[in-house]
Amino acid sequence: MISRFAQSDQSEKAVNLFCRMRQSFVVPNQYTFASALQACATLGDLDLGKQMHSLVLKVRLDADVFVSNALMDVYAKCGRIEDSLELFEKSLNRNDVSWNTMIVGYVNCGDAEKALSLFLEMLENRAQATEVTYSGVLCASAGLTALELGTQIHSLTFKTNYAENTVVHNALIDMYSKCGRIRHARLVFDMMNERDEVSWNTMISGYSMHGLGMEALKIFQMMQDRGHKPNTLTFVGVLSACSNSGLLDEGQAYFSSMLQEYGIEPCIEHYSCMVRLLGRSGHLHKALKLIEEIPFKPSVMVWRALLGACVIHKNVELGRMSAQRILEMEPEDDATHVLLSNMYATARRWDNVTAIRQSMKKKGMKKEPGLSWIENQGRVHYFSAGDTSHPDMKVINGILEWLNVRTRRAGFVPDCNAVLLDVDTKEKEHLLWVHSERLALAFALFRTSSGSQIRIIKNLRICVDCHAAMKLISKIVQRDIDIIIRDMNRFHDFHDGICSCGDYW
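Each residue of the sequence shown is one higher than the one before, counting from 1 in the UniProt record's numbering.
Worth flagging that the hints you see were computed from the coordinates, not collected in a lab.
Take the hints with a grain of salt, since some may be wrong.
27 Å max Cα-Cα, derived DSSO-like pairs, lysine-lysine [what the hints assert, rightly or not]:
1) Lys314 - Lys471
2) Lys426 - Lys394
3) Lys475 - Lys394
4) Lys314 - Lys366
5) Lys367 - Lys426
6) Lys159 - Lys218
7) Lys426 - Lys362
8) Lys426 - Lys314
9) Lys218 - Lys229
10) Lys297 - Lys286
11) Lys50 - Lys13
12) Lys471 - Lys428
13) Lys428 - Lys314
14) Lys363 - Lys426
15) Lys13 - Lys58
16) Lys366 - Lys428
17) Lys286 - Lys314
18) Lys394 - Lys428
19) Lys314 - Lys289
20) Lys314 - Lys361
21) Lys286 - Lys361
22) Lys367 - Lys428
23) Lys90 - Lys13
24) Lys90 - Lys58
25) Lys114 - Lys159
26) Lys361 - Lys297
Keep in mind the model is a prediction, meaning the values are calculated, not measured.
Using the sequences and the accompanying hints, generate a full structural model.
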């Protein structure tokens, strides 16, 4: 009964039954503990997990592999991954579940590098990788945008029985989407013999991430035609796709249909997508009205969506009100201070900019530095704005100067409004040309072969000047290249003077 409850997503009943068993003086065995700990892990109850761990030690079942694995899972899901690792390293009878528990645990806690390191160790120990292993390490590759590694793992699956596995295929779609290879993701999707809701949702989200809204909506329509019922996550992907592509009418229609046609109550993610869609489209007051109509307390995510739109459309008063709402909930939120400062800078209200920066300094806050990185021959190269530390800096500066000359001859005029500092025009133009993504591009142009795709990852939103420069560079550089930049919101695929986002981001 404990096992059945634990496996049927009724964890509280499983735990209660375990307590009744103890009160009845029935001694639990390894199967009891494995099931009860599974329920404890699902609940994320660390205190209860510790109590069960003490009981396991008392009855001397800690060496049992099933119990040990279940304890690792409890600590991993409760955010105590180091405790999981300690149990793992002490275990003398590791099996595939032991390795998978640790790999997935590290992925879920955001340490993708450690997850991949454990995977390599697992292969060296000749442990049997399973669909859980492959989906976990592909998720880690996606998190690191490590395309080369993800491709190698894809190749590994062909040597196993998991090359046609739905779970592995879903992870491959996600990995290729997040690594900038949306066409590869679609190839994997099209080759699948069986698709579940995760397959459809992942493909929709992939197209959304790349700003290909109409493609995402085609997949959504295909999903319904094939008899698959959309769920909450499906509509997050659909509304996000509409938001990323400026599909206002379609987004409003799908949002209305959620409850009316599918019986799905909108949650905070859906409202955030709609606020962003309305705000980005210039309907700031409609976005505010929608927030006021939310049947529960709006989250930071919703107000941040409105604030972002206010920055773009330079609505200082509404933006200040949005920032105030965010800071009431999260007073130490540095991103909001930065957005507010940027909005004032765009409006040339330098006194307000100074006041915010002084406030941030007083509170010990720092603006997140703009970083771009690029993978080349198994190594990741990092660049920050104005960086001079890279060993190839002389060549990078030479290529940047060459690009500057070529783009100006082609008619490019720098948009100095993208520099939110009170300095003269010449200094602004210099600052634009040493933005991190341009340094990464210059590095890639001399390190990669002609015709190869250039993929740059950026931790902040790409500025309008860099966006315009990348479009022109993709046209004037005679290499027949795709320049793909993933910023904090979505992908930009520059080719022959055009960006996949259609200049909407």
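Now for the hints, and whether the structure bears them out:
This hinted pair checks out: Lys314 and Lys471 have alpha carbons roughly 25 Å apart, not beyond 27 Å. With a CA separation close to 22 Å, the supplied pair Lys426 and Lys394 stays within the 27 Å bound. Pair hint Lys475 plus Lys394 holds up; C-alpha atoms about 25 Å apart against a cutoff of 27 Å. Distance hint between Lys314 and Lys366 is fulfilled; the C-alpha atoms sit about 24 Å from each other, no more than 27 Å.
Restraint check for Lys367 and Lys426: the C-alpha separation of about 24 Å stays at or below 27 Å, so the hint holds. Restraint check for Lys159 and Lys218: the C-alpha separation of about 33 Å exceeds 27 Å, so the hint is violated. Proposed proximity of Lys426 and Lys362 is contradicted: the alpha carbons are some 31 Å apart, above 27 Å. For the hint pairing Lys426 with Lys314, the CA-to-CA distance comes to about 25 Å; that is within 27 Å, so the pair holds.
Restraint check for Lys218 and Lys229: satisfied, since their Cα atoms lie roughly 15 Å apart, inside the 27 Å limit. A threshold of 27 Å between alpha carbons decides the hint, and for Lys297 with Lys286 the separation of about 18 Å falls inside it, so the pair holds. With a C-alpha separation of about 19 Å, the suggested pairing of Lys50 with Lys13 holds against the 27 Å cut-off. At most 27 Å may separate the alpha-carbon atoms for a hinted pair to count; Lys471 and Lys428 meet this at roughly 20 Å.
Using a Cα cut-off of 27 Å, the hinted pair Lys428 and Lys314 holds, with the two alpha carbons roughly 20 Å apart. Between Lys363 and Lys426 the CA atoms are separated by roughly 33 Å; this puts the pair beyond 27 Å, and the hint is violated. Annotation: proposed proximity of Lys13 to Lys58 holds, straight-line Cα distance about 24 Å (limit 27 Å). For the proposed pair Lys366 and Lys428, the alpha carbon gap of about 22 Å is at most 27 Å, so the pair holds.
The hinted pair formed by Lys286 and Lys314 meets the criterion: a straight-line CA distance of about 16 Å does not exceed 27 Å. Taking the CA atoms of Lys394 and Lys428, the gap is near 21 Å; set against the 27 Å cutoff, the hint holds. Between Lys314 and Lys289 the CA atoms are separated by roughly 19 Å; this keeps the pair inside 27 Å, and the hint holds. Pair hint Lys314 plus Lys361 holds up; C-alpha atoms about 25 Å apart against a cutoff of 27 Å.
Distance check on the hinted pair: Lys286 and Lys361 sit about 35 Å apart at the alpha-carbon level, beyond 27 Å; violated. Simply put, Lys367 and Lys428 have alpha-carbon atoms about 19 Å apart, close enough for the 27 Å limit, and the pair holds. Taken as a hint, the Lys90 and Lys13 pair is broken in the structure, with Cα atoms around 31 Å apart against an allowance of 27 Å. At most 27 Å may separate the alpha-carbon atoms for a hinted pair to count; Lys90 and Lys58 meet this at roughly 17 Å.
Between Lys114 and Lys159 the CA atoms are separated by roughly 24 Å; this keeps the pair inside 27 Å, and the hint holds. Using a Cα cut-off of 27 Å, the hinted pair Lys361 and Lys297 is violated, with the two alpha carbons roughly 31 Å apart.
In the structure shown, a violation is registered for the earlier hints numbered 6, 7, 14, 21, 23 and 26, in ascending order.
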